[in-house]
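Student: Residues per chain are reported as follows:
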Amino acid sequence: MVMAKLTREQKAYKEWADSRKPRPSLGRNIAVAFVVGGLICALGQGVLNYFISIGMSAKEAGGPTSAVMILLGALLTGLGIYDRIGKFAGAGSIVPITGFANSIVAPALEYKREGYVMGVGARMFQIAGPVLVYGMSTAWLVGLIHWLIHK
Amino acid sequence: MAEKRLGEDTVLFSSFPSIIATATTVGKKEGEGPCAKYFDKVVRDPLYGEGTWEKAESKFLLESVRKALEKSRLTYDQIHFMFSGDLLNQITASNFAARELPIPFYGLFGACSTFTEGLTLGGMAIDGGFAQRVLVGASSHYQAAERQYRYPTELGIQKPPTAQRTVTGAAAVVLGKDGPGPFLTAATIGRVIDMGISDPMNMGSAMAPAAVHTIVQHFKDTGRNPDYYDMIITGDLASVGKVLAEDLMKKEGYDVSDRYTDCGVLIYKPDADTLAGGSGCGCSAVVFSSYFYPLLQEEYRRLLLVSTGALLSPTTYQQGETIPAIAHAVAIERNWPEGEW
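Protein chains in written order, with the working numbering: chain A, 1 to 151; chain B, 1 to 341.
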């Protein structure tokens with residue numbers, strides 16, 4: 001992405017306009033994100049504890065817990081509730097795994113009208129795609145460094 | 001024939017193009033706003049019984065067209081041209097609505113300035129003697145615009161307070177050579193202005209300079225002052241852009257603060273969904289057609305309507321381009337002006 005070069009007049013206007021625009025209320029947003037994000041994580045912990053209580057080890061319970069939280073995120077997206085939570089909570093509902101589910105189910109729903117191949121299939125990872133690409137690349141890089149140090 | 005140009009960018013209409021009828025169809029959120037009681041029809045289902053947002057938008061437009069014809073007691077064959085536009089790629093909402101109509105059709109794209117672009121061209125077609133009656137339409141749809149310009153509608157994100165909500169709604173206006181008024185008397189055609197704003201979540205700031213440029217040009221070309229008009233109305237600068245426009249006007253030496261408003265500010269009750277206010281081709285189209293048009297019979301004698309458009313696409317902002325903007329001004333008056341005309 002190449003940023004357009006601005007003339008002096010454009011720069012002056014941009015600075016003036018930016019200095020006057022309303023700012024998001026940082027305190028409120030951080031507080032709400034903390035509380036809602038915390039609630040989602042507490043719910044996840046409850047699910048994890050349940051799986052442990054029925055005899056799984058902590059390690060074994062991780063997988064099914066993620067599956068339950070993803071299902072919940074997907075379900076709330078399908079019911080048209082997760083976007084409202086997101087509007088209210090911002091990062092609080094984007095960062096947990098339920099937000100990841102939302103980022104995949106939302107485009108899948110939206111582009112279903114373009115068919116299962118060019119719609120759902122091609123565009124399901126429109127939002128999550130970059131996270132996956134750079135997440136996997138980073139994991140690969142870290143793995144490589146680990147291997148180089150310990151070989 | 002009278003001279004039809006004035007100054008650099010202004011045209012004068014000389015043959016009394018008149019707004020014969022207007023009709024509006026809007027969505028639920030708009031129907032809960034301050035203009036609610038003025039709309040002809042409020043449709044609570046954003047899909048309007050259709051399978052896609054895009055089809056729904058065409059249906060909003062068609063509904064307004066039919067209503068406008070009904071109100072003007074005209075039939076399709078009496079309309080010589082239709083001018084209409086929207087925000088969707090290849091202006092399909094308008095094209096697909098026109099597919100259902102037996103009227104010669106011009107598709108317009110001026111982003112959210114489309115409504116006054118259409119009024120200007122429609123007025124010129126009548127004034128040039130090429131048509132007796134024309135139809136001007138404009139539409140937008142929140143979900144259809146959201147998925148094309150921004151994100152899937154069900155994605156849970158928080159937008160900044162400078163962001164605007166695309167109006168779900170369509171207006172249709174019938175212009176005629178013979179009518180009792182209000183009349184289109186002059187129009188100032190906007191130039192594309194880019195002041196370097198590149199944030200698509202802050203379009204008010206991008207469009208304010210274009211609106212001011214056109215309004216100032218209008219005053220220079222016509223020799224009028226703000227007090228010639230009872231109200232100057234911009235299209236969709238919303239709360240962020242409106243304040244900037246007012247200050248920019250002051251810098252140019254025109255104080256409009258006592259007679260200036262913006263359709264993006266008027267259309268919604270402010271809340272977490274509407275943020276800075278409304279936007280979209282439908283915004284100025286439905287607010288003018290429902291709220292201001294009847295007021296031209298009562299409270300206001302002269303209005304300057306200035307629809308404002310941000311000429312960006314998802315491709316251009318992803319490529320780091322700034323946002324060019326445009327605004328077209330139309331003077332609409334209850335009585336035909338005397339004197340120099």
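Hints are not guaranteed to be accurate.
Quick list of in silico lysine to aspartate or glutamate cross-link-like pairs, DMTMM-like style, CA-CA up to 25 Å [stated by the list, open to error]: (1) A:LYS21 with B:ASP45; (2) B:LYS55 with B:GLU100; (3) B:LYS55 with A:ASP18; (4) B:LYS250 with B:ASP221; (5) B:LYS41 with B:GLU63; (6) A:LYS11 with B:GLU246; (7) A:LYS5 with B:ASP194; (8) A:LYS14 with B:GLU70; (9) B:LYS28 with B:ASP9; (10) B:LYS250 with A:ASP83; (11) B:LYS177 with B:ASP255; (12) B:LYS28 with A:ASP83; (13) B:LYS269 with B:ASP45; (14) A:LYS11 with B:ASP247; (15) A:LYS14 with B:GLU63; (16) B:LYS250 with A:GLU9; (17) B:LYS269 with B:ASP258; (18) A:LYS11 with B:ASP194; (19) B:LYS177 with B:GLU70; (20) B:LYS4 with B:ASP178; (21) A:LYS21 with B:GLU146; (22) B:LYS251 with A:ASP83; (23) B:LYS41 with B:ASP255; (24) B:LYS269 with B:ASP40; (25) A:LYS21 with B:ASP255; (26) A:LYS11 with B:GLU321; (27) B:LYS159 with A:ASP18; (28) B:LYS37 with B:ASP230; (29) B:LYS251 with A:ASP18.
Source of the hints: derived by calculation from the structure; they are not laboratory data.
Student: Next step is simple, just say for each hint if it's right about the structure.
Tutor: Checked hints:
1. A:LYS21 with B:ASP45: violated (34 Å)
2. B:LYS55 with B:GLU100: holds (12 Å)
3. B:LYS55 with A:ASP18: Distance of about 37 Å is beyond 25 Å: violated.
4. B:LYS250 with B:ASP221: holds (18 Å)
5. B:LYS41 with B:GLU63: The given pair, whose Cα atoms are some 9 Å apart, holds under the 25 Å limit.
6. A:LYS11 with B:GLU246: holds (20 Å)
7. A:LYS5 with B:ASP194: Since the Cα atoms of A:LYS5 and B:ASP194 sit roughly 12 Å apart, the hinted pair holds (cutoff 25 Å).
8. A:LYS14 with B:GLU70: violated (47 Å)
9. B:LYS28 with B:ASP9: violated (38 Å)
10. B:LYS250 with A:ASP83: It is violated: about 41 Å lies between the C-alpha atoms, which goes past 25 Å.
11. B:LYS177 with B:ASP255: violated (35 Å)
12. B:LYS28 with A:ASP83: Distance of about 18 Å is within 25 Å: holds.
13. B:LYS269 with B:ASP45: holds (19 Å)
14. A:LYS11 with B:ASP247: holds (17 Å)
15. A:LYS14 with B:GLU63: Roughly 41 Å separates the two Cα atoms, so the pair is violated.
16. B:LYS250 with A:GLU9: holds (18 Å)
17. B:LYS269 with B:ASP258: Roughly 21 Å between the alpha carbons, so the hint for B:LYS269 and B:ASP258 holds.
18. A:LYS11 with B:ASP194: Measuring from Cα to Cα gives roughly 11 Å; hence the hint holds.
19. B:LYS177 with B:GLU70: Cα-Cα ~18 Å, so holds.
20. B:LYS4 with B:ASP178: holds (19 Å)
21. A:LYS21 with B:GLU146: holds (22 Å)
22. B:LYS251 with A:ASP83: violated (42 Å)
23. B:LYS41 with B:ASP255: violated (37 Å)
24. B:LYS269 with B:ASP40: holds (19 Å)
25. A:LYS21 with B:ASP255: holds (21 Å)
26. A:LYS11 with B:GLU321: Between A:LYS11 and B:GLU321 the Cα gap is close to 14 Å, so the pair holds against 25 Å.
27. B:LYS159 with A:ASP18: Holds, at roughly 16 Å.
28. B:LYS37 with B:ASP230: Since the Cα atoms of B:LYS37 and B:ASP230 sit roughly 23 Å apart, the hinted pair holds (cutoff 25 Å).
29. B:LYS251 with A:ASP18: Holds, because 18 Å separates the two Cα atoms, which is no more than 25 Å.
The earlier numbered hints that this structure contradicts are 1, 3, 8, 9, 10, 11, 15, 22 and 23.
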